[in-house]
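A.B. asks: Below are the chains, spelled out letter by letter.
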Amino acid sequence: MSNSSHPDTIEELKTLPHAEHKLDVASAKMGMWLFLLTELLLFGGLFVIYATYRYLNQEAFHHAAMELNVFIGTLNTVILLTSSLTAALSITALRLGNRVLSIIMLASTIILAFIFLVNKYFEWAEKFHHGIFPGSEDLINRPPGQILFFGLYYSMTGLHALHVLAGMIILAFVLVFIWRNKVTSTDYAKLENGALYWHLVDIIWIFLFPLFYLIK
Amino acid sequence: MANHVIADNSVDFYKVKTKRSGIGAWIFSTDHKRIGILYLVALVSFFIVGAILGILMRLEMLSPGETIMGPQTYNSIFTLHGLIMIFLFVIPGIPPVFGNFFLPIMIGAKDVAFPKLNLMSWWLYVIGGIFAILSLFLKGGPIDTGWTFYVPYSLRTGTDVSWMIFAAFILGFSSILTGLNFITTIHRMRAPGMSFFKMPLFVWSLYATGWIQILATPIIGITILLVMVERLFGIGVFDPALGGDPILYQHLFWTYSHPAVYIMILPAMGVVSEIIATFSHRTIFGYKAIAISSLAIAFVGYFVWGHHMFTSGMSDTSRWIFSLLTFLVAIPSGVKIFNWVATMYKGSIEARTPFLLVMSFIFLFSIGGLTGLIVGSLSTDIHLHDTYFVVAHFHFVVFGGTGFIFFAALHYWFPKMFGKMYNEVVSKWSVAGMTLGFMMLYFPFFILGYMGMPRRYYDYLPEFTTWHIVSTVGSWILVGSILVLIWNLVRALKSKTTAEVNPWGGRTLEWTVPSPPPLENFEVIPIITGGPYDYHLLEQEQHNLVEEHK
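If you're matching them up, the sequences are chains L and U in order.
According to the numbering used here, the first sequence holds residues 1 to 216 in order.
According to the numbering used here, the second sequence holds residues 1001 to 1550 in order.
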């Protein structure tokens, strides 16, 4: 973390703002990074399960993966990557003092996230329509590897969708804060932390996308 | 934290005027000291509930056959005893109570890095506890899977598994937030001059614990969440009928739950280092070795989970690697024990209550640790797996380790936390009773386990009767002594005694502030120049004092 090294002389120490005990930006960011680490490990458990079952059921995973809609998957990847770009632009805009542009960019991120979820809804609805969902008769009669593939597909993309929703709520709060001038061009740690969370949601999707849609 | 309030540092934090009054002044307070006490009350309450369940189990085992309850009730009671003791008492354990209260003071800060998050983690703890209790009264009835939620039984049983799992998930979240808060606090809030190697060893142990909490807890979070999803939707990941692998569940479960053992014990080891240095009036021997060994235990602890599964079905290669790694954990643990003993050598030891509890701890924990090597060896574990031997082993390390040190910490810091002093005659006799009761209760388990008594059975063969009777009588002595110990403290709270600033002659920062501390802990943030255990300076200081008086 920046400036965490300790000065050596007592005189230097006395001048540190640190002695006043105020929450500084570096602490806030460190807390966020540690939290992101826990999120990565949360999905890490699922990735381990995925790897194990893929290794054990290669052929079934191959056949099941053929049934996913690569077009919607790619579209959603593009949408999510763009939303990360707008989130980053929002920070830069605010830092340079352009509050209106920052709000527009952050709002675009939230809207893109919403479009992502709408696409997800249609994708899942189509699968349900074809009788592919946990516990369905169609799925029960397939080889166990395919049941596992779709079980993991629903739980991993489902958990990711929950994170998209959480990210939208967090960013919406930050948006209100910018609107009310509580997050400003000099004090924007909340916006940075919100965007960090959003990038995490993005990164997880970048791994989910090839694992389910591209590897056949 | 009182950022916007002008802090009144002339009175102790109990007497500071707050916005809310009554209980609201506590349950909505972001003061780390108040949150520590909130946790203390909650933890001790759950401990008493868990102990009552334990007493009931021992009563059932007093004689062969059905004594006071049937098999289904017994299954639920050992499950609840495990869940309450593990998830609501020892896993939170020392950090949220004593870490919350003393971490900021020991590093010379006014509060933790995120005071609101701190309050939130207490609320999550309480909500988790409420969910756990609620699950007992819902349709399915109390959970009967054992605290490990092993699949496939946890998928098939009609009892209310999902609610309890959700409770455990929330409790895990609370634990993560505490760890995250403490790590940030230690990195960012140390007083000027306090480098990492000038921190008290208790702070070091909280640091190592924080990392395990952050890195291990999410794994069990997702694992048990999947059990819940499996029960609700049948996704297949752990259900053998749908192609899932129950052994994979065990791997993921122990990937967290073994490091969790170190979440329980590391803070206790930190407290032991403080108490031994203070009551030996001697600089701790091998400060750096103790500090680094905490991190080493935290690190190696990640790679030994397989030793819970020697009989579950694993390749021989993985089994002996896990066994070897298990033996490696004994090295940093041994480093600590030897350093503590070396600290006491030629020290001027004062055998006060906290010190006696620590001596009990070293005795009990050594038995627990050494029998850990017996169950960590492949050949002996095949014989001893799932017997009372294992139950004895983990009660010696968890209860004899963390449990005893929880009470040691309570007695060590009680004067500072409450500004009162307890009756030491009563507390010392209680400690003696606790140790005796403990040995009577759990040592026969080693013998029973070796003879072949399996765990989690409500009934047994007649030849085991004698040892079961000894054990049950021991449980009465143990719980009786603990109740006297707690009653003694409650009586001290109501008494008119006052505690000095530094009743034990400790050298760490908490002994420089008033008992109880004021709201912002320090008048001025101290500037640290020396180490935490500079007892060798004591003589010089006293000499200077005498010179001044002349």
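It should be emphasised that the hints constitute simulated quantities derived from the structure, not laboratory data.
Treat the hints with care, as some may be off.
Calculated pairs, DSS-like style, for lysine-lysine (alpha carbon to alpha carbon, straight line, at most 27 angstroms) [what the hints assert, rightly or not]:
#	chain 1	residue 1	chain 2	residue 2
1	U	1428	U	1496
2	L	29	U	1198
3	U	1428	U	1346
4	U	1198	U	1139
5	L	216	L	127
6	U	1346	L	182
7	U	1116	L	190
8	U	1346	U	1288
9	L	29	L	120
10	U	1116	U	1017
11	U	1346	U	1420
12	U	1015	U	1494
13	U	1017	L	29
14	U	1428	L	182
15	U	1420	U	1015
According to the in silico footprint, chain U covers these stretches of chain L (three or more CB under 8 angstroms from chain U) [unchecked claim]:
#	region
16	45-54
17	114-124
18	174-185
Where a beta carbon is used, it is the ideal one built from N, C-alpha and C, also for glycine.
A.B. asks: Are the hints correct? Go through all of them and say.
C.D. replies: So, going through the hints one by one against the coordinates:
The suggested pairing of residue 1428 of chain U with residue 1496 of chain U holds, with an alpha-carbon distance near 21 angstroms, which does not exceed 27 angstroms. Proposed proximity of residue 29 of chain L and residue 1198 of chain U is supported: the alpha carbons are some 25 angstroms apart, at most 27 angstroms. Distance restraint check for residue 1428 of chain U and residue 1346 of chain U: the Cα-Cα separation of roughly 23 angstroms lies within the 27 angstroms cut-off, and the hinted pair is therefore satisfied. Only pairs whose Cα atoms come within 27 angstroms are accepted, and residue 1198 of chain U paired with residue 1139 of chain U is rejected, the gap being roughly 55 angstroms.
For the proposed pair residue 216 of chain L and residue 127 of chain L, the alpha carbon gap of about 18 angstroms is at most 27 angstroms, so the pair holds. As the CA atoms of residue 1346 of chain U and residue 182 of chain L are separated by approximately 60 angstroms, the hinted pair breaks the 27 angstroms bound. For the hint pairing residue 1116 of chain U with residue 190 of chain L, the CA-to-CA distance comes to about 15 angstroms; that is within 27 angstroms, so the pair holds. Among the hinted pairs, residue 1346 of chain U with residue 1288 of chain U is consistent with the structure: their alpha-carbon atoms are about 20 angstroms apart, no more than 27 angstroms.
A distance of roughly 31 angstroms separates the Cα atoms of residue 29 of chain L and residue 120 of chain L; the hinted pair therefore is violated under the 27 angstroms criterion. A C-alpha spacing of about 19 angstroms is found between residue 1116 of chain U and residue 1017 of chain U, which places the hinted pair at or below 27 angstroms, so the restraint holds. Distance restraint check for residue 1346 of chain U and residue 1420 of chain U: the Cα-Cα separation of roughly 31 angstroms exceeds the 27 angstroms cut-off, and the hinted pair is therefore not satisfied. Note on residue 1015 of chain U and residue 1494 of chain U: the hinted pairing holds, with a Cα-Cα distance of about 16 angstroms set against a maximum of 27 angstroms.
With a CA separation close to 32 angstroms, the supplied pair residue 1017 of chain U and residue 29 of chain L exceeds the 27 angstroms bound. At roughly 56 angstroms between alpha-carbon atoms, residue 1428 of chain U and residue 182 of chain L are farther apart than 27 angstroms, so this suggested pair is violated. Of the pairs offered as hints, the one joining residue 1420 of chain U and residue 1015 of chain U holds, with about 15 angstroms between alpha carbons and a cut-off of 27 angstroms not exceeded. Here the region 45-54 of chain L counts 6 residues with a CB under 8 angstroms from a CB of chain U, which clears the bar of 3, and the coverage holds.
Judged by the Cβ-Cβ criterion of 8 angstroms, the region 114-124 of chain L is not covered by chain U as claimed, because only 0 of its residues qualify and three are needed. Three residues within the 8 angstroms Cβ limit are the bar, and the region 174-185 of chain L against chain U gives 0, so the coverage statement is violated.
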